[in-house]
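K.L.:
So you can see what is in the structure, the chains are spelled out below.
Protein chains: 2
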Amino acid sequence: MTTTGTAAANRTDRRKARTRQALLDAAVRLIAEGRSGRVSIQEITDEADIGFGSFYNHFSSKEELFQSASEETLERWAEMIDAACSELDDPAEVFAVSVRTSGRLAWTHPEMAGFITGAGFDLLDATRGLAPRALRDIRAGRAAGRFTVADPEIALSAVLGGLVGLLRLHARQPRRVTEASVDALAEESLRLLGLPAGQARRLAHLPLPAVPDGR
Amino acid sequence: MTTTGTAAANRTDRRKARTRQALLDAAVRLIAEGRSGRVSIQEITDEADIGFGSFYNHFSSKEELFQSASEETLERWAEMIDAACSELDDPAEVFAVSVRTSGRLAWTHPEMAGFITGAGFDLLDATRGLAPRALRDIRAGRAAGRFTVADPEIALSAVLGGLVGLLRLHARQPRRVTEASVDALAEESLRLLGLPAGQARRLAHLPLPAVPDGR
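Going down the list, the protein sequences come from chains S and U. Residue 130 in my numbering is what sits at position 130 of the first sequence, and the numbering runs on without skipping anything. Residue 163 in my numbering is what sits at position 163 of the second sequence, and the numbering runs on without skipping anything.
FYI, nobody ran anything at the bench for these hints, they're computed from the structure. A quick note: this is a predicted structure, and the numbers were derived from the prediction, not measured. Even glycine gets a Cβ: it sits at the ideal position worked out from N, Cα and C. Keep in mind that a hint or two might mislead.
Per the computed footprint, the stretches of chain U lying under chain S, defined by three or more beta-carbons under 8 Å from a beta-carbon of chain S, are [what the hints assert, rightly or not]:
hint, region
1, 147 to 155
2, 161 to 173
Capping the alpha-carbon separation at 20 Å, the derived lysine to any residue pairs in SDA-like fashion look like this [what the hints assert, rightly or not]:
hint, chain 1, residue 1, chain 2, residue 2
3, U, K62, S, K62
4, U, K62, S, T19
5, S, K62, U, G37
6, S, K62, S, T19
7, S, K62, U, R38
So that you can see chain S by itself, here it is in the shape it has in the complex (with noise of 0.2 Å):
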């Protein structure tokens, strides 16, 4: 291929790549807005601006959009909950820690926010993101002790019950919802799980460990 080829084959590649993110982003955006269910592929195609044909050379079914979008969002917010947790090693501090990064996606990353907002207790069905990580550190807590929980899957619920509604209420209500709400949020998340109330407070305000953007 003569080098003028190969810059025309780059250029195809990138626009190839740019109207897969444009569908990929759309799809966040309609499970953000609740409507992942009932949208058309001309809806979706219009929301990510291009045309209708150039869906089918990405994906085969709204489905296959819908995950992929999902995998990769959750993948994403998973880096970033390992990012920030990569030094610790109590499996409370663990979790307080992820319960403030997620909670602070609702400025950091708000089309993250949006999506976990969108799925709602499909969360709990992921293997991705925070709900797998939030069991594996409620299940460590309860071996050592540190937790008193009676059914971890049930007390993840609780949790990201929380987490969804704090994301909700920012949503609609942006300057009610603050740092000090998250924090106040991963405090009451751990004295659901058991810590002491003088323990949940002081590692729910520890400093932050410097979170990566995560794209």
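With the hints as your guide, set chain U onto chain S.
P.N.:
For chain U alone, coordinates are given in the frame of chain S:
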């Protein structure tokens, strides 16, 4: 009207009432299955086992049916909680009994439990049912210095998350969720709200008031 005519009119009224109830029951099942958003009127009348044409004798649209079904279910739930709490003054005890009564719906009123898991976070916006009552109780407990939670609405979403998680788990693994699981969730929720662990445990294990059938 002759006596025979009155009897015939009564029969017609009863048949109409049965058809209306069949539609409402079908709507509650469809909400439980997460299908209310995209179901057709034909599918609704099939589910209710009535003729397609009967639908419009009772409701002008799907939306009206689902709205009515939600309101009636939330109202029955609210009445059960009110009846169970009628003798109680302490907001923390009212809160505990509300959660313990609601978690037991998994086996006392499975169709209502299914409705709750299907509705999910939409319950936070409902003007009936557990949500507005629990919010009132959290605010009262906070005003009385019993609860120390930062934002009552975020705390409520955590409690609701725990309840929905428990009901979901029961639907999937019935033997895993027992009365002890429900009482543990009430105890953990009270800790989240700021009650000392000992008080939370005691309140979540008091004898429950007799709960009327609710229907």
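K.L.:
Determine for every hint whether it applies to the structure shown.
P.N.:
Here is what the structure says about each hint:
1. 147 to 155: Our answer is that it holds, as 6 residues pass the Cβ test (under 8 Å) against chain S, meeting three.
2. 161 to 173: Per the Cβ count (7), the hint holds.
3. U:K62 - S:K62: With Cα atoms ~25 Å apart, K62 of chain U and K62 of chain S exceed 20 Å; violated.
4. U:K62 - S:T19: 37 Å, violated
5. S:K62 - U:G37: 17 Å, holds
6. S:K62 - S:T19: 15 Å, holds
7. S:K62 - U:R38: Roughly 16 Å separates the two Cα atoms, so the pair holds.
Consistency note: the structure conflicts with the earlier hints numbered 3 and 4.
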